[in-house]
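The primary structure of each chain is shown beneath.
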Amino acid sequence: DTEVTQTPKHLVMGMTNKKSLKCEQHMGHRAMYWYKQKAKKPPELMFVYSYEKLSINESVPSRFSPECPNSSLLNLHLHALQPEDSALYLCASSLPLTGVNQPQHFGDGTRLSIL
Amino acid sequence: AQKITQTQPGMFVQEKEAVTLDCTYDTSDPSYGLFWYKQPSSGEMIFLIYQGSYDQQNATEGRYSLNFQKARKSANLVISASQLGDSAMYFCAMREGSGYSSASKIIFGSGTRLSIRP
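Those sequence lines, one after another, are chains U and G.
For the first sequence, the positions run 1 to 115 when this note's numbering is used.
For the second sequence, the positions run 1 to 118 when this note's numbering is used.
One chain only, chain G, in its complex shape (with noise of 0.2 Å):
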């Protein structure tokens, strides 16, 4: 069962925008945490920002902010005052339980190809 969902394909945003990219996950483990990652057609993955299960508030860095709700299972970025540098694949991701095993996999959504136009 696929466990993060992503459900855009793709955006097209207007420069200067906000955008929020869609991210629903599935676990039972009461620990676990949420990530995001920045992929531009260069190749490197870029680590955008993290909420864990436990965390009270929503996680923010800089122009990108978490919204998220536990109780839907949501982790949705949000982008404000987009730029075209934001042009690139955007992937949620999780990691479940604090074992040793089990905490090392990263688990990732397919992923949403956001383009900004100028």
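The following block holds chain U by itself, in its conformation from the complex (with noise of 0.2 Å):
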């Protein structure tokens, strides 16, 4: 079991729609990730949040809006999304941003699919 928590794990929506993605975890870590990878590539950076602020944002389109109501959570949140939006959707957390020598742990992500 990894220690960084995603719900759902699968997630079928309208392009109307509006959904959320949660990620949670329980390590103390005070960055927090969101990738997104599509099959066979590796995965690409979308927003970096550190002590619960965002600090990185790709340029990743307004349609997905990201949230950390706290330093254990972080959210997604997804509205009218477009079908090449449908991935893998990866969160991941570390110890503070300074230093190089610290992984980031993952979460087993959720698989987004857009109709």
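In case anyone wonders, no lab produced these hints; they're calculated from the structure.
A virtual CB, placed ideally from N, CA and C, is assigned to each residue, including glycine.
Keep in mind that the hints are not guaranteed to be accurate.
[Said to hold, decoys possible] Mimicking DSS-like on lysine-lysine, the simulated pairs with C-alpha atoms at most 30 Å apart in a straight line are:
1. G:Lys-105 - G:Lys-73
2. G:Lys-105 - U:Lys-19
3. G:Lys-105 - U:Lys-18
4. G:Lys-3 - U:Lys-53
5. G:Lys-105 - U:Lys-53
6. G:Lys-105 - U:Lys-38
7. U:Lys-36 - G:Lys-16
8. U:Lys-19 - U:Lys-41
9. U:Lys-40 - G:Lys-73
10. G:Lys-16 - U:Lys-22
11. U:Lys-36 - G:Lys-3
[Said to hold, decoys possible] Interface residues of chain U toward chain G, partial, derived using beta-carbon atoms under 7 Å:
12. Pro-42
13. Ala-87
14. Leu-88
15. Asn-101
16. Pro-103
17. Phe-106
18. Asp-108
19. Gly-109
Fit chain to chain and form the complex, with the hints in mind.
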């Protein structure tokens, strides 16, 4: 079992729906990340939160809206998604950003399909 | 410019044999960290091993070892005595620098799909 928990594991939604992905960690990490991964490709960074503040947005479309309500939780709100947004969405966490030796610990991901 | 290169898209290895997965990297930052992750078909990314740019010895974690050749900018993963459960995608990744914003990004290679034959 991973120490980063993502829900739901699978999500199918229409292009007009609003849904949210949830990520939770209890490792005391203060940096949290959202990645998007298409099949047979490496993960692509979307957002980074540090101490509950958004520190990096990799020019992600506004139909993806991240939220970090506290140090253990990270949400990704979805609205008006496109079929090309279908992918595996991975959440990760790590100790504070400084220091190159801190690995990111990943959740199992949410497989998102847009109809 | 691609900073992490994995030249083996796929590999087939007989069970119990050792396997080496190649990774080369490019950076001008003297401080960096190198990571290997395993991703089974179920999707989770599993952290395997870490090597720092200033580490004098090659990292080892159980059956995993990292063959770090700094002058060649290579960080190959060696799996000894492969098992069927080792079949997965393997990603090499790098984090550069010690600054606030740059340290947050991990750059991934394109991955190597490893298949273990019984």
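Given the hinted pair G:Lys-105 and U:Lys-19, is their alpha-carbon gap at most 30 Å? The given pair, whose Cα atoms are some 27 Å apart, holds under the 30 Å limit.
Would you settle whether the hint for U:Leu-88 is holds or violated, based on the nearest Cβ-Cβ distance to chain G being less than 7 Å? Hint holds; U:Leu-88 Cβ to chain G Cβ min 5 Å, cut 7 Å.
Go through the hint on U:Ala-87 and say holds or violated, using the shortest Cβ distance to chain G against 7 Å. 11 Å, violated
Hinted pair G:Lys-16 and U:Lys-22, Cα distance within 30 Å: Violated, because 39 Å separates the two Cα atoms, which is more than 30 Å.
Hinted pair G:Lys-3 and U:Lys-53, Cα distance within 30 Å: 28 Å, holds
For the pair supplied as a hint, G:Lys-105 and U:Lys-18, confirm whether the alpha-carbon distance does not exceed 30 Å. 29 Å, holds
For U:Lys-19 and U:Lys-41, compute the direct alpha-carbon distance and say whether it is at most 30 Å. 25 Å, holds
U:Phe-106 as chain G interface residue, shortest Cβ-Cβ below 7 Å: Given a least distance of 4 Å, the restraint on U:Phe-106 holds.
For the pair supplied as a hint, G:Lys-105 and U:Lys-38, confirm whether the alpha-carbon distance does not exceed 30 Å. 19 Å, holds
Distance restraint between U:Lys-36 and G:Lys-3, which requires alpha-carbon spacing of 30 Å or less: The given pair, whose Cα atoms are some 19 Å apart, holds under the 30 Å limit.
Are U:Lys-36 and G:Lys-16 close enough, with their CA atoms no more than 30 Å apart? Answer violated: U:Lys-36 to G:Lys-16 is near 34 Å, above 30 Å.
Have a go at the U:Pro-42 hint: is there a Cβ in chain G nearer than 7 Å to its own Cβ? 4 Å, holds
Violation of the numbered hints given earlier is confined to hints 7, 10, 13; the remaining hints are satisfied by the structure.
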